[in-house]
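A.B. asks: As a plain string of letters, each chain reads:
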Amino acid sequence: MPAGLATYILRRLLLLPVILLIVSFVTFALGRYAPVDYVEIQAGPRAQPETIERIREERGLNDPVPVQYVRYMGNVLTGDLGVSTRYQGFPVEDVIFPRMWISLQYNAVVLVLTFAIGLPMGTWAAMRRGTWQDPLSIGVLLVFASAPVLISIPLLQWLFAVKLGVLPSGGWSEAEYLGVELGLFSKHAVLPILALTLPGVAGIARYMRGQVLEVLDQDFVRTANAKGLQAGVVVTRHVARNALLPIVTILGFELAALIGGSIFIETLLGIPGIGLLAFESIKSRDYDTITAIVLVGSTIFVLTMLLIDIAYGFIDPRIRVEGSIS
Amino acid sequence: METRRLVLTLTSIFVVLIVLLGGLTVILVAGGGGDDTGDTAGDGNGGGDPSGDANDLGDRIEGELRLFGPDPITLDPACASDAGSAEYIVEIFSGLVSFDLDLKVIPDIAEDWEVSDDGTVYTFNLRGNVLFHDSSRPVSAADFKFSMERALNPATQSTVGEVYLDDLVGAAEFADGDADEVSGIKVIDPRTLELTIAEPSAVFVEKLTYPTAYVVDEREVGDSTCFEGNWTLTPNGTGPFKMEEWDLGRKIVLAANPRFHLTPAPSLARVTYILSGGSSFVMYENDEVDVTGIGINNIETVRDPNGDLNADLREGPSLDVFYIGFNAREAPFDDADLRNALSLSIDREFLAREFLLDLVEPAKGILPPGMDGYNEGLADIPFDPEAARGLLEQAGGAGLLDGATILTSGQGATPSDILQAVIAMWEQELGIAVTIEQEDFGLFLRDIDDGNFEMFSLGWIADYPDPQNFLDIKLHSESLNNESGYTNPAVDALLDQADGEVDEAARLALYQQAEELIVDDMPWAPLYHGKASYLVKPYVDGFVIPPFVIPNLRYVTINR
Amino acid sequence: MSYAETSPTPFEAEPLKNPSYRVLRRLLRRPVAVVAILIIVVIYGAGVLAPWVAPYGFNEADFRNRYAEPSLEHPLGTDNLGRDLLSRAIWSAQTTVIVSVAAVLTGGLFLGVTAGLAAGYAGGRTDSIIMRAADTFASVPTILLVLIITATLLPRIVELARDVEDLTGFDWIVSSGMPSYFLVFGALAIFGWTGIARVVRSQVLALRQEPFVISARASGAGTPRLLFLHLLPNLTNLLLVSFTLSFGGLATAEVGLTFLGIGVQPPHPSFGLMVSEGVGLSNVREHTTLILVPTAFIVMLVMSFNLLGDQLTDVLSPRHR
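For the record, the sequence lines run as chains A, B and C. Take 1 as the starting number for the first sequence in the working numbering and just add one per residue. Take 327 as the starting number for the second sequence in the working numbering and just add one per residue. Take 887 as the starting number for the third sequence in the working numbering and just add one per residue.
Each hint should be verified, as a subset may be incorrect.
[Stated by the list, open to error] Simulated crosslink set (SDA-like; lysine to any residue; CA at most 20 Å straight-line):
#1 K163(A) - V628(B)
#2 K163(A) - H1173(C)
#3 K283(A) - L1039(C)
#4 K163(A) - N808(B)
#5 K512(B) - V423(B)
[Stated by the list, open to error] Beyond 10 Å from chain C on every Cβ pair, some chain A residues (computed):
#6 Q68
#7 G261
#8 T267
#9 S298
In case anyone wonders, no lab produced these hints; they're calculated from the structure. The beta carbon of each residue, even a glycine, is placed where N, CA and C say it ideally should be.
From just these sequences and the hints, can you work out the full model?
C.D. replies: Laid out in structure tokens, this is it:
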């Protein structure tokens, strides 16, 4: 590892707490700034205003927001993420981590599938340039890339759950395999994976095709071709280096967008993952849960970005570390 | 070459993953055959052993009922304020009394009770054979005192304790922290509980059917509050079913309580509630659940006499009313003529029949059909645009309603079709343009509580099947829940009189008189009453969706 | 998957000096590009001219004629309230035009380009402050924060707008949905500028090494002059492609946000609203046209922008010079 890289990583890691502090305060303050809090929402129409006010007072909701924030962060630093109010009485970590695990499962498969199918497909299309196969495959992919999941999911649901009746219309089920709760081996996992993989593959394949074409047109490839090297060999050897960097970036963005992206798919399919939880928590003003989700989400993002930077350093040591992802 | 190494690594990772995925597909195909889409791959998988407790949705045991249920906020009886939570609580816990499916109060943990002559002292004799789920000990009067005081205790931070237990003498002092105990709750001996209320009330016993008055196990609950403590994962209740598993947000599994003290005792071996998923209607069609509600989009398919589902259709009343409330405190809505004009120009028959496809009953008053005191003889509210225009002229003309707004909950969502239809009718018949303003539910409730609106649309669902729950609570001028700000001394007098009336028939007659006065004044334009329309699999016997939350699962049997 | 990010497509650091008209001429020689442009022009044009083009008003409901089949009277049929679907779609296109233009102007162009230029040109401390800020903004789960902001700030802003209405007598402010437009796309702008800023910055860094910039600087050109006369024009092609792609992204973003209840507020029509009205499974099953109509429009629009972006990249690419 280059010496510069180590200090760079250290600097970025030192920045992490600062970012988290800013992000958590903004989230925290925004929540408290909402005109209606969780006590009032959950009290329902019949509760007496004095009761609500009393509970608010007891739960410290009437304290100045900075005071509440310091108290909250104090708890967070001792490993206590607070209590959920959407699931009244349950510690936040008991609520969010099982949910996160669910989202992680299907998203991980989607990510792998996306690249495993997208990369070869894009390369293949590029190699078929000039034949009918290239525009056809790219055209089909474009349709998938252009339809938001919001639209594709109901159509897929309709096709598989109603018309064919082979898949459940939504939900999630898990079973224990070797001591781990896994939901991937259930039919419930098929729809979300399909709905996310289709546009993902389309994006990656289209991108990869462009990259391969770019490389194919470069002089050194032409030379290599002229030397009689197999086109496939040339491409794998040379495309890889040029295309990998941007693809690592995309990978990072996809990882980072997990929480946001899962909101749609999970509300539509009723998958009890982190996206649905986030959505519900915001609706019910579950302050501690929202803040915890944002904190965890931001941490994942920052660490992913850091990993990308490091990967850059490894893939292409020529790249100046600072500003490499710019 | 760093590059080559990386490419190699990545490629091998992909290869491994593809092999894994291929394996997954094989497993899916091998294990997931047949039509049962809820089936998982568990059985066919050689690598891992599916969990022994067989809780996955795949394996259905004999006598298991599967339902699609709401994701509850809390299962603590002292804290639940919503029907979605109460649905589970009434099956797991129980109280002195409960409702049967005919909506009559029946003894539950209490064997019977006596009321003093002045109607303020209730003496409950408890059964001796009621055990907590863990069979550790019988329920005693002291448990009730603990549980009710816990609900009222300010330290518990319950928003509903006072709402349902406020009749008890000393409840307010205790809730304010001014007393060490509720003086109106006395333990005479382990099997005798004496409750004293400040004034005679016809609905006091009905209020005791609400979870707030249920019994919990002090040794388990301790000093946990509504916002701290998760003992409800393994609640030690006294209800017909006990908790087997609660997987937050995913499923709740209940098992029959073999020692349940009422007949019929539960016959279902297990009830599995699925808490999240796609469409419950499709889940029903795919045999994932045994019961489903029916929405407006599916009702025609279901009603088709030649369809597969027609035989499964069940209908029942739902004790609720959906209405448009007017702000009777302020001009122009303080004028009964104007309110009547708006009401008369709504074609309720069309809304209920054509628009909501008979899934609801058009309203002619406040009280829903099926409730004691429902006035069969009340005249329909006619659809009479001519009269409406006349009344509007009399009130000052359509100009009064320029820029009028109607408040509704559900920020961002499309407002309900029915509301949009009503507004279009007003525009058509009266030539007025009313704008819909949508707000987040919490804010909406606050705004209507504060009288910060011109009109609003809302529904009201019974807590207990008594006219008091509708008329007194929603339309008495001194009630907290009278959002319209409706004041009519004659109505107040009738309602107060009814509250103290012991004779049931006379009491209901008083409510009917009050309702007639209210309908004349039209502080609300009642639109319709809901109906429960649902599908039940032919092998499920005795399943009824009650008009409000009532323990109903112990009546269900499965005959496969 | 992530719609709020500006497309992260990285660009090769390559100064592109094609004057725009030549790009356009080359573009128009490609049939695919022409078709894409045509579709965009037709949909956007219909949106702009909605008051004149749409056969019915967007809220004109005919209750006695719900879920009508396509007919001469209603070419695409009617919806759950008997509103003409074609007219709703045309009015929705108008919303898309407004939203896209507003968002690109506020978010991408001003914030992104300014920040990118400043960071790339000034370098040093300015650069690192701007880029750290970008890191912070980018590390927030955008949709989540937009959701939170809407849940918390929107009611207050609407309140404010009502006060303004009372003061000024304009009673259309709240009902036009302007507060929510502003809030949502303001929020998207605040979190969405980082992508374009990074791209611009890296281009500027590359351009700074170019002889023509160095010589301009040597000949004493002031900073604004350098930025606007030398750097910015060299970025136009890059920005052109970025914006083309982000227009498609924004159309998708509107659908997503509106579905979550934080975008365009009803009854003002938008594709997002049309989708969320038709999205339920039982709706899709019984009344498929409700979802098919907005789907067709959105997919065509987004696809055209994607195609156009592809073609532009192709045309601008060095290998086709």
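A.B. asks: All hints are to be evaluated individually against the structure, with a verdict given for each.
C.D. replies: Evaluation of the provided hints:
About 17 Å separates the Cα atoms of K163(A) and V628(B), which keeps this hinted pair within 20 Å; it holds. A distance of roughly 14 Å separates the Cα atoms of K163(A) and H1173(C); the hinted pair therefore holds under the 20 Å criterion. For a cut-off of 20 Å, the pair hint linking K283(A) to L1039(C) stands: about 13 Å separates their Cα positions. Taking the CA atoms of K163(A) and N808(B), the gap is about 49 Å. The hint is violated against a cut of 20 Å.
For the hint linking K512(B) to V423(B), the alpha-carbon distance of about 17 Å falls within 20 Å, and the restraint holds. The non-interface label for Q68(A) is consistent with chain C: the shortest C-beta to C-beta separation is roughly 15 Å, beyond 10 Å. Residue placement check: G261(A) does not keep its beta carbon more than 10 Å from all beta carbons of chain C (closest about 4 Å). Non-interface call for T267(A) relative to chain C: violated, since the shortest CB-CB distance, roughly 8 Å, does not exceed 10 Å.
Non-interface call for S298(A) relative to chain C: violated, since the shortest CB-CB distance, roughly 5 Å, does not exceed 10 Å.
Hints 4, 7, 8 and 9 from the list above are not met by this structure, while the remaining hints are.
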